[in-house]
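Number of protein chains: 2
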Amino acid sequence: MSKIITISREFGSGGREVGKRLAEKLGYAYYDKEVIEAISKKTEIAEDYINQVLEHRIVSYYPISIATAFDAFSFDPLLEMNQSIYTAQMEVITSLAMKSDCVIVGRCADHILADYSPLRLFIYADMDSKVKRCRERATEDENFTDRELIKNIKNIDKGRANYYEQFTGNKWGDIENYDLCINTTKLDIKNIVDVIAAYVSK
Amino acid sequence: MSKIITISREFGSGGREVGKRLAEKLGYAYYDKEVIEAISKKTEIAEDYINQVLEHRIVSYYPISIATAFDAFSFDPLLEMNQSIYTAQMEVITSLAMKSDCVIVGRCADHILADYSPLRLFIYADMDSKVKRCRERATEDENFTDRELIKNIKNIDKGRANYYEQFTGNKWGDIENYDLCINTTKLDIKNIVDVIAAYVSK
Chain A
1 MSKIITISRE FGSGGREVGK RLAEKLGYAY YDKEVIEAIS KKTEIAEDYI NQVLEHRIVS
61 YYPISIATAF DAFSFDPLLE MNQSIYTAQM EVITSLAMKS DCVIVGRCAD HILADYSPLR
121 LFIYADMDSK VKRCRERATE DENFTDRELI KNIKNIDKGR ANYYEQFTGN KWGDIENYDL
181 CINTTKLDIK NIVDVIAAYV SK
Chain B
1 MSKIITISRE FGSGGREVGK RLAEKLGYAY YDKEVIEAIS KKTEIAEDYI NQVLEHRIVS
61 YYPISIATAF DAFSFDPLLE MNQSIYTAQM EVITSLAMKS DCVIVGRCAD HILADYSPLR
121 LFIYADMDSK VKRCRERATE DENFTDRELI KNIKNIDKGR ANYYEQFTGN KWGDIENYDL
181 CINTTKLDIK NIVDVIAAYV SK
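Residue numbers (the working numbering), protein chains in the order written: chain A, 1 to 202; chain B, 1 to 202.
Read the hints as simulated data drawn from the structure, not as lab findings. Here the structure is a predicted model, which is why all the values come from computation and not from measurement. Any given hint could turn out to be false.
Treat identical chains as interchangeable: a pair holds within one or across any two.
[To be verified] Calculated pairs, SDA-like style, for lysine to any residue (alpha carbon to alpha carbon, straight line, at most 25 Å):
#, residue 1, residue 2
1, Lys186, His111
2, Lys99, Lys186
3, Lys41, Lys190
4, Lys154, Tyr86
5, Lys190, Met1
Produce the complete structure using the sequences and hints provided.
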C-alpha cells in the first residue's frame, strides 16, 4: 500500500515548504494545486471557484465556465455544484493517493484518507513568524500593511478551519486529528524535514 | 547555555517514556519526580501534598509533616503554603535546568523556562491507547473497570490542565504553547525518540 503523508497548515507557516522538501527527500509524489486542477477537470468547474469553495470563502456569483455543469431548473444549483466538488475532492484525493507514495497538502486529505493510515502533519507558527514569511515571499505589487496582512492570514485560516469542520466534523488544528504538530516559529524547517523523512523511512 | 527539553504529557500517553529515552539517548539529565523531591526539601512540605497541588487535586487537609512551615496565626495558611510551593517550583526547575543539558517532565517547566528557549514537547494519544498503556503498567492490585480507568485518566488530565492554566495563563495542550506535539497512538515511540534526538543533536 502507498505511504501517505498529509499536511494541514496555517497560512504562512511554511507547510508547503515542509511538504515539498519532504516529498523531494523521500522521492514521493507531491500534490498541492494538482488536486484543484484534477477536481476542475472532473467537474468542469473553474479552478478559482473550486479554490474558493475549498477555502470556504463566501461566493456570491456563479463562475462563468460552468454553464454546462447544471441545468437552470435545479432546486439549488450552487449547493448542487458544491456537492459535486466535495464528491470529486474525495475521488481525486483517494485516486492520487492510491497511485504511489505521496505527500498531499490541505484539502482535508487527512480525513478523506483516514482508512489508509496516513502520517498526518499539522504545521503552524506564531503570527510574527507567519507575517515575516509572507513578506519574504510577497510579489512586488503587494503593499499590505501589517494590520491588513494579519487580517488576511486570519481570514484564510478561518476559512480553512470552517471548511475542515464542515467537511470532517472535526476541529482544524486540534491535536487529536494529527500525528505530529510542528511549530515552525523556532524550528529549522530543513532539519525537521530531514528527521521526519528519517522517521518515515525507518 | 544548557539545552533544555520540556515534556508535557497526557496521562497514559507514554510521555515519561519519551522523556526517559530521550535523556538516555542524548546523555542529558532527566528530571521528573526529582522536581517534587527538591521542592519538598526546600519548603519542608510533604511530597504527596506537593504532588496534589501540582496536579491541582482539591485538598481538604493540611499534611502532617509541615508543622513548621507556617505559624498558626497566618491569615490563610493553605494559600500561603501553596504560594511557597509555586515559588519553590520556579526556583527548583530553573536551578536544575541551569546545571546541565536536561529533559524535564511536567510541572509547567515549558513556561517557567521560556526565557531559555527550551524545546517544548507535548505528548498525547487517543483514549483507547492510553487505557491500553495504563493496563500494561498497572500493578496486580489495580482492579479498575475500563469506565473507572477512563474517568481517572480524564480527571488527572483535567487537574494538569487546570494547574497549567492557573500557573501560566495558557491552555494546556493547545499547539501554540509547544514546538512539537506528538501523538503516540500510532507512532513508534522508540523511532520517534531517535529522530527527535537526531534533531536536537544537529
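Hint check results:
1. Lys186 with His111: between (28 Å within a copy, 16 Å between copies)
2. Lys99 with Lys186: For Lys99 and Lys186, the Cα distance is within 25 Å only across copies (23 Å; inside one copy 35 Å).
3. Lys41 with Lys190: neither (34 Å within a copy, 44 Å between copies)
4. Lys154 with Tyr86: Classified as within: same-chain Cα gap 24 Å, cross-chain 36 Å, threshold 25 Å.
5. Lys190 with Met1: Classified as between; 24 Å across copies, 27 Å inside a copy.
In terms of the numbered hints stated before, the structure departs from hint 3 and from no other.
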